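Starting from the known structure of chain A, arrange chain B on it as the hints suggest.
Respectively, the protein sequence lines represent chains A and B. All residue numbers in the first sequence are consecutive under my numbering, ending with 287. All residue numbers in the second sequence are consecutive under my numbering, ending with 552.
I should point out that these hints are in silico values taken from the structure, not numbers from a laboratory. One thing to keep in mind: the hints can contain errors.
Using 27 Å as the maximum straight-line C-alpha spacing, the simulated DSSO-like pairs for lysine-lysine come out as follows [to be verified]:
#, chain 1, residue 1, chain 2, residue 2
1, A, Lys2, A, Lys204
2, A, Lys248, B, Lys383
3, A, Lys206, A, Lys187
4, A, Lys93, A, Lys204
5, B, Lys493, A, Lys204
6, A, Lys283, A, Lys2
7, B, Lys445, A, Lys92
8, B, Lys383, A, Lys7
Keep in mind that this is a model prediction, so the values were computed, not measured.
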Amino acid sequence: MKTENQKAWFFVLPVLLLVAFNALIPIMTVVNYSVQETFGNNVFFWQGLDWFEQILRSDRFQAALGRQFLFTFLILIIEVPLGIIIALSMPKKGFWVPVCLVLMALPMLIPWNVVGAMWNIFALPKVGMLGYFMNDVLGVNYDMTQDPLAAWITIIVMDVWHWTSLVVLLSYAGLVSIPDAYYQAAKIDGASPWKVFRYIQLPKMKTVLTIAILLRFMDSFNIYTEPFVLTGGGPGNSTTLLSIDLVKIALGQFDLGPAAAMSLIYFAITLLVSWLFYTLMTKDDAQ
Amino acid sequence: MRKRSLIPILYILFLMLPIYWLVSMSFKTTNEILAGFSLFPQTFTLDSYVAIFTDPTWYWGYINSIIYVTLNTVISIAVALPAAYAFSRYSFLGDKQLFFWLLTNRMAPAAVFALPFFQLYSSVGLFDTHIAVALAHCLFNIPLAVWILEGFMRGVPKELDETAYVDGYSFWRFFTTIFIPNIKAGVGVAAFFCFMFSWVEMLLAKTLTAVEAKPIAATMTRTASSAGYELGLLAAAGTLTIIPGAIVIYFVRNYIAKGFALGRV
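For reference, chain A alone in the conformation it holds in the complex (with noise of 0.2 Å):
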């Protein structure tokens, strides 16, 4: 039972404060942004809501979005399943356990910009590893510079390289917690590997798997640097994310009215699709 105590304000304060400093004078410039039009020298004309109906509306925009969740939709996919069945099939105790563990967090330790460009040596045909190998051994005709597809296979098996170990981590901190009396309870009824999967462990790895796709959901739905760095939003703009995008017209184009409505839509579909992940996962407890 937790006391009741408003004092315990005072704790949170310097987090409240270093925090907001961070998202609400941010977050305020770009709603200060995304209603006005400027043409330079810091004058600022009302612009309402234009932006917004503009950004919603344009072709640009949607396609940009449909990249998005196709790719978010792919990442998951692959990975969650993918994780689960590495952390299924790991040794529960030993000496190989910190070894795994320790070899397979190592990719989530590189910085991104690293991540991208690594992949896009590693991809390039002739020089690199895997250039070569899809070119010159399969005799597949390879190259992500030239053929969207190539680029967006790319671009999914390096994600998958770069954060299943994330699902397998999460699955596999579930999976140790279970006792071994519960194996033992399934073996004398005589349950089937699937029935001990979907009864035993599935249910036992529920909050760490909320967990695990609510990061992969919104760190791939915001994914930027990797994807910027392998392809650079090509060729053409078949692998321009919505982050991608939206430094495009942001940084380059500065258009900062558009940039900012589009920053805010962009918000709020992460927080809205989070929330739709949230609820439905964890609806089973509230009843």
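Below, chain B alone, put in the same frame as chain A:
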């Protein structure tokens, strides 16, 4: 059982391939890299590493990154500890809303904040300082640290607090000499995640710096464009960015899994 362990082995092999490729490339000459594919360096050279360790613009990139990452980790943990304690022990007006609001900052796309952050930190005169990047990274690291620490603190029975008060400990003495040592695994895990996310984040770090506090990533992009395609140098620089993370993860290897499991949504 043996067939099952094939899956993690194959997965780890897949993870190691690009890393091996990067490391082996860092020991090759640029000519050899561009000449075509080779699995091992034919003419083993340390030239790329020598170039990095003798050029101040290169090695200062690493020092700058390490300075702001350390600052960020210290700040995040220092402010998150009392906050996590408050969330784990007390209920107060708006606690659930505040907790959720903190987490929403983890959801904000960094690209959205790049430009306003630049303006904010320029206007308070902190642009191009280590502290600016350290503070900016607090946006996503403080919520994460509070989240992880709160999970660990909930696992400590309340009787510990009460016994300490009965024994005449003041709150701060209890908190620093008894409570924090009790959750040092949690502090380690939280520090690891703060370090990790601050180390790998580059968009904000690049936006907020120019010369004095420039992170290693910015040095890398500049070199890639100005000196043509110096792949060997780039590979060596990339290899060196993996090392700090690898060292840190080695220290917390036994707690990583636990740190994840105790977080709450």
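Right, here's what the structure says about each hint:
1. For the given pair, lysine 2 of chain A sits about 25 Å from lysine 204 of chain A by alpha-carbon distance, which is consistent with the 27 Å threshold.
2. A C-alpha spacing of about 37 Å is found between lysine 248 of chain A and lysine 383 of chain B, which places the hinted pair above 27 Å, so the restraint is violated.
3. Our distance criterion of 27 Å between C-alpha atoms is met by lysine 206 of chain A and lysine 187 of chain A, whose separation comes to about 22 Å.
4. Annotation: proposed proximity of lysine 93 of chain A to lysine 204 of chain A holds, straight-line Cα distance about 18 Å (limit 27 Å).
5. With a C-alpha separation of about 41 Å, the suggested pairing of lysine 493 of chain B with lysine 204 of chain A is violated against the 27 Å cut-off.
6. Taken as a hint, the lysine 283 of chain A and lysine 2 of chain A pair is honoured in the structure, with Cα atoms around 24 Å apart against an allowance of 27 Å.
7. This hinted pair does not check out: lysine 445 of chain B and lysine 92 of chain A have alpha carbons roughly 31 Å apart, beyond 27 Å.
8. For a cut-off of 27 Å, the pair hint linking lysine 383 of chain B to lysine 7 of chain A stands: about 16 Å separates their Cα positions.
Consistency note: the structure conflicts with the earlier hints numbered 2, 5 and 7.
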